[in-house]
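2 protein chains.
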Amino acid sequence: MRELTVGIDIGGTNTKYGIVDRAGNVLLQGNIPTTQYEEFQDYFDGMASALRAGIEKLPSDTKVVGIGVGAANGNYYTGNIERATNLKWKGVLPLAKMFKEEFGVPCMLTNDANAAAVGEMIYGNAKNMKDFVVITLGTGLGSGFVCGGVLLNGHHGIAGEVGHTSVNPAGRYCNCGKRGCLETYVSATGIKRTVYKLLADHLEPSELREISFDNLNTKMITEAALRGDIVAQEAFEYTGRILGMKLAETVVHTDPEAIFLFGGLAQAGELIFKPTIKHMEANLMPLFRGKIKVLPSAMQNQAAPILGASSLVWDFLDKQVMVAH
Amino acid sequence: MRELTVGIDIGGTNTKYGIVDRAGNVLLQGNIPTTQYEEFQDYFDGMASALRAGIEKLPSDTKVVGIGVGAANGNYYTGNIERATNLKWKGVLPLAKMFKEEFGVPCMLTNDANAAAVGEMIYGNAKNMKDFVVITLGTGLGSGFVCGGVLLNGHHGIAGEVGHTSVNPAGRYCNCGKRGCLETYVSATGIKRTVYKLLADHLEPSELREISFDNLNTKMITEAALRGDIVAQEAFEYTGRILGMKLAETVVHTDPEAIFLFGGLAQAGELIFKPTIKHMEANLMPLFRGKIKVLPSAMQNQAAPILGASSLVWDFLDKQVMVAH
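Respectively, the protein sequence lines represent chains A and B. Numbering-wise (my numbering), the first sequence opens with residue 1 and increments by one. Numbering-wise (my numbering), the second sequence opens with residue 1 and increments by one.
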């Protein structure tokens, strides 16, 4: 029997799912709108029937051995989604337990950045690494830590919230309720805010002056920078400087072999990697200098969130040490 | 046979050693001057003969099953002391290998803060915890992380250097070569520097104005604060504020159940715990608020460094997963 796993990525707008083999081939994928369901039970039923329809189409020599789910505020220990701010269903949602009961296989749930870290270890650039960090640069900044080959979950199941370390206690307002958190500077939203700050403070002409805040995105800033736009270039320099300074603090906590950058901002390549590495090195305790790789994630395709979620099951089966939900 | 372990704490001035049982009773202890030996081999021979003399005095129903060593810049993976700035012997010192060959038992080496963390887990207040941090407040600020019940060593064996995260990139000069590191503010030396800064900036009378920088110590500042000295009290408030702000960043990395404070500054009790907890909570990402305990270490006696070092052996034997040197 060829073993397969299900990967589910629950976003605020869409839920993507796929069925994946151990090598990372996605045999089948689909999505359902997350926002369409008023009640959580109805959402679960919709998801379960979509999955069941998918499983029926699989070749007869295959078997689904587990379900992995990545979701904001997903807790690995409890298998619950807890008070997610990006979903309309309030309170504690016992999703792993529901999937396990419905499909009779283990279900692992964690937040999307932790799923990305395990995905990097199972399918990506961290296959032979035991100590690394994945930084996801999307709407916010997520992080997942693998230490000694094991995903760092922490005591309450909420480790790896580096996006909410402090850049400036009197700085930009953050969705978490604080001010000056790293993700308000370093993320797709953060670099937009930086562009607008630079446009406000400086006199330089810039093609970005023609674009509204709501329409502006990382790709536009990247392309403008590559065309020589000074404001766009300065926005990357500023973003990389702050990321590098804060990575220097993360490094002395867990001493990783490498830090992987994932997401749209990371796809800007040298524009973001160069200032990040420069300022990380400059701010590192000398003992660590020249030792820490900063690398692009290998998981940059559309299926990355599905692969990350599905990897939780392979990791669980590889280790066989934790109790499945 | 009753099993015993040797614990050795190598300080810049003195090396303390002891022979310890699993319950943490120190059966025998002594020390040799670290500075007396020009050559590292002579130091090792002196240490080995002192230990041999100690072992000969042990009851006949006992057996030494391993040697644990805590030393600045001790690397758990290699068993070497690497370029320690507080010792006169330069380069890489293969101490664990030498002890293993000399005594025919496993030898574990790590830095003193990591040894303190394992000591807290084996003998102290973290006996039932799997995720916690120990912050050692001595001349500098050391830190040891236990995650999922395992000491966090990192890829290069140098994890846990929280003393060298940044408070202010243009701040106080640090021994590591950077400026504004946490330990320049929060440590026995840090609070002295703060007292002198406050005496320089303010006009308040203070009994600390009569004491030279070289003579001032944490105990004097503590006693002055308890007597109502405003400068001493403000120094504790300032130190706790900075420690609390930075602990809020450490917490979101590894999500510990508790943070233990160890050392002279921690013995100031409420004077340091109160501002630390207050400012940690105020700066924490809301998701973590009210969840993280800040507690005194149970290892506050003279033998603590010996116990910490010896605990490395018990931890190794308990786990039996790593290769002994």
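A portion of the hints provided could be inaccurate.
If chains are identical, the list can't say which one is meant, so a pair holds when it fits in one copy or spans any two.
[What the hints assert, rightly or not] Below, simulated DMTMM-like cross-link-like pairs (lysine to aspartate or glutamate); rule was C-alpha separation at most 20 Å, straight line: (1) Lys100 - Glu56; (2) Lys274 - Glu210; (3) Lys291 - Glu82; (4) Lys57 - Glu102; (5) Lys127 - Glu270.
Derived from the structure by calculation, the hints contain no laboratory data.
A quick look at each hint next to the structure:
no., hint, verdict
1, Lys100 - Glu56, "within (18 Å within a copy, 60 Å between copies)"
2, Lys274 - Glu210, "neither (27 Å within a copy, 52 Å between copies)"
3, Lys291 - Glu82, "between (37 Å within a copy, 15 Å between copies)"
4, Lys57 - Glu102, "within (18 Å within a copy, 66 Å between copies)"
5, Lys127 - Glu270, "neither (24 Å within a copy, 47 Å between copies)"
The earlier numbered hints that this structure contradicts are 2, 5.
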